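J.: Fit chain B to the supplied structure of chain A, relying on the hints for placement.
Line by line, the protein sequences give chains A and B. Per the numbering used here, the very first residue in the first sequence carries number 6; after that it's consecutive. Per the numbering used here, the very first residue in the second sequence carries number 6; after that it's consecutive.
There could be a bad hint or two in this list.
Since the list gives no way to pick one copy over another, a pair counts as held whenever it fits inside one copy or between any two copies.
Stated by the list, open to error - Derived lysine to aspartate or glutamate pairs resembling EDC-like cross-links, with alpha carbons at most 16 Å apart:
hint, residue 1, residue 2
1, K167, D140
2, K229, E106
3, K328, D42
4, K328, D189
5, K348, E324
6, K160, D189
7, K224, D236
8, K217, D65
These are calculated hints, taken from the structure and not from any lab test. No experiment lies behind these values; they were computed from the predicted model shown.
There are 2 protein chains.
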Amino acid sequence: MSNTFYPPERLLMGPGPSNVSPRVLSALGRPTIGHLDIAFIALMDDIRSLLQYAFNTHNDLSLPISGPGSAGMEACFVNLVEPGDKVIICKNGVFGQRMQENVERCGGNPILVEDDWGQAVDPEKLETALKTHNDVKIVAFVHAETSTGVLSDAKVICDIAKSYGCLTIVDAVTSLGGSPLYIDDWHIDACYSGTQKCLSCVPGISPVTFSKEAVNQIKTRSSKIQSWFLDMTLIMSYWGEGEKRAYHHTAPVNSLYALHESLVILKEEALENAWQRHDANHDLLKNALNKIGLTLAVPEDIRLPQLNAVNIPNGVDDESIRKTLLGEHNIEIGAGLGTLAGKIWRIGLMGYSSNPQNIARCATALDAVLNQN
Amino acid sequence: MSNTFYPPERLLMGPGPSNVSPRVLSALGRPTIGHLDIAFIALMDDIRSLLQYAFNTHNDLSLPISGPGSAGMEACFVNLVEPGDKVIICKNGVFGQRMQENVERCGGNPILVEDDWGQAVDPEKLETALKTHNDVKIVAFVHAETSTGVLSDAKVICDIAKSYGCLTIVDAVTSLGGSPLYIDDWHIDACYSGTQKCLSCVPGISPVTFSKEAVNQIKTRSSKIQSWFLDMTLIMSYWGEGEKRAYHHTAPVNSLYALHESLVILKEEALENAWQRHDANHDLLKNALNKIGLTLAVPEDIRLPQLNAVNIPNGVDDESIRKTLLGEHNIEIGAGLGTLAGKIWRIGLMGYSSNPQNIARCATALDAVLNQN
Chain A
6 MSNTFYPPER LLMGPGPSNV SPRVLSALGR PTIGHLDIAF IALMDDIRSL
56 LQYAFNTHND LSLPISGPGS AGMEACFVNL VEPGDKVIIC KNGVFGQRMQ
106 ENVERCGGNP ILVEDDWGQA VDPEKLETAL KTHNDVKIVA FVHAETSTGV
156 LSDAKVICDI AKSYGCLTIV DAVTSLGGSP LYIDDWHIDA CYSGTQKCLS
206 CVPGISPVTF SKEAVNQIKT RSSKIQSWFL DMTLIMSYWG EGEKRAYHHT
256 APVNSLYALH ESLVILKEEA LENAWQRHDA NHDLLKNALN KIGLTLAVPE
306 DIRLPQLNAV NIPNGVDDES IRKTLLGEHN IEIGAGLGTL AGKIWRIGLM
356 GYSSNPQNIA RCATALDAVL NQN
Chain B
6 MSNTFYPPER LLMGPGPSNV SPRVLSALGR PTIGHLDIAF IALMDDIRSL
56 LQYAFNTHND LSLPISGPGS AGMEACFVNL VEPGDKVIIC KNGVFGQRMQ
106 ENVERCGGNP ILVEDDWGQA VDPEKLETAL KTHNDVKIVA FVHAETSTGV
156 LSDAKVICDI AKSYGCLTIV DAVTSLGGSP LYIDDWHIDA CYSGTQKCLS
206 CVPGISPVTF SKEAVNQIKT RSSKIQSWFL DMTLIMSYWG EGEKRAYHHT
256 APVNSLYALH ESLVILKEEA LENAWQRHDA NHDLLKNALN KIGLTLAVPE
306 DIRLPQLNAV NIPNGVDDES IRKTLLGEHN IEIGAGLGTL AGKIWRIGLM
356 GYSSNPQNIA RCATALDAVL NQN
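For reference, chain A alone in the conformation it holds in the complex:
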């Protein structure tokens, strides 16, 4: 007979999920109400307004998709890409690869602008590609590459894309709440994020925002959107204004309680303070790692403070160290992906998890494990 599951108490310092704030867990566990309840509709309105704050946008169409970040990504692509559309993907890690998959599955024509894993997106290469290819409709890229710990300059990339009349789709899964992100000022047309990174909310929900230009594009497209579940024209009717909401699907009520609370916490701290805290804790981690002989893999000017790629020293067995850290110290850090597997660890300092106590505990444990092996 199966029994109730009691999770072990882990310190989550990988690429996400991060540790969820106790306030968010409390919100999550409150009694479920109906997805068309007048009290729930008021909550939806408040979530929209809090997402506008977090995204730095006035976009009306700012809402949580009822699925994880990859559903948010797909929502952006299936709504904006029509068969035959040319889409430039600036690819410098796992999630650029996934964007390419999305474009292909929408019948679009992906044009790759590639940088090595561990490098930022090169704006000059993008400009060259835009000069070479006519009629590019969309430029898409990852703001904060979770697979490598690299931040790209979203403002510069979007400026170039806009000067060629393109729409922009930006992956902000790891940046939202951790690094500066200005949807309106930077001219981002569609952006998706996740809840389990710097918002320190439970995984499974993807905040998205769409500009007026993107909404206009969606409303005037000539082909039908290939996903019913992610069709923004239908989702808009449920997340619309006023008391009258058209039923589309049953919202993940409790997860939205949790998202709401995580956004309330973010606003209480204030975005700028949260960004500063992530920066300051990154410095603490860097120093703590240096003291135990570990170095960071990403150059300082393109380094993500919330996700640190750490060089694995020569001769050290990646997997056995991570297993011991988890098994004996209850600390989770992340493995490298793709070409970086076995070469880096990924240490996250995201949201609620980003604090000096966690850094000290992680560095001490890592030092002990490295020396016992």
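T.: Frame of chain A; chain B shown alone:
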């Protein structure tokens, strides 16, 4: 400044969500762990085995999709339907309509076998359609139509479909855990459900199961699956056997704690006892409603015990009654949809909510509200 949200305490007797068991809410609020944590992988294995129990199946590919029932529906259609495929949809309510949308968006060719809203799917009409149309690949229908409260005979319908060599896709969103459902014995090839109905778990997750024949079809299809997020060939690698799981997306960790607990509760009660309890409470509700002068809309032999369509008496204002019930008594019942709007209420008796105390409270309140208006 936005504040923490405290939901009102509602008695949920609509079409779902149903009231979530306190045990499930406790599980939901436990600390988050990583989606690749060894402890989480053990939980995933247990969820699969519990879903096999609930679905009455030996299908290896039994898992929860990380999105609501409509994502589960889409997972079945995008994986099994290829462009040009003929799919018969037996349509007798809202969710048959949604199946049609899915087939069209996959580039398939839907053939409708229609019955009036409030009627069961007519097996003879299906047989006639199968005689008329060659090369039908799939027959799809809704087992328990949530929009009308009608149960169709899934065994008979699947027998006919199979005798013509078709795959079967069945919507069991409202039936799973509330009415008999036998995936293997009835030859159902793909089935999706929801968590927020008779499992009394939080909304946002969709249990699915696929037969060997369906898996074979998915693995040998000639066109690429149009959704990356719902591509079962990728999801299988994460939900596969053993410790090695390929990362696909971040699982909704806490919602899966909740789903697990709801399935543990179902197994403790035993499926057959849960079905019997839903039947017995349906009888109690019917008698309680008759006493206050209300009648049921659906003929007894095709009536769903967990979702009761109640005729709204002549001259009674649907919306004002529901508003008063919610505002003054904290009881939610459902409105009619489509052609049944204003004609019926939908009173749910699902999972944890299906008990004599709730029936007495609901009937008493409804009587009071009807007489005060």
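J.: Which numbered hints are broken by the structure, listed smallest first?
T.: 4
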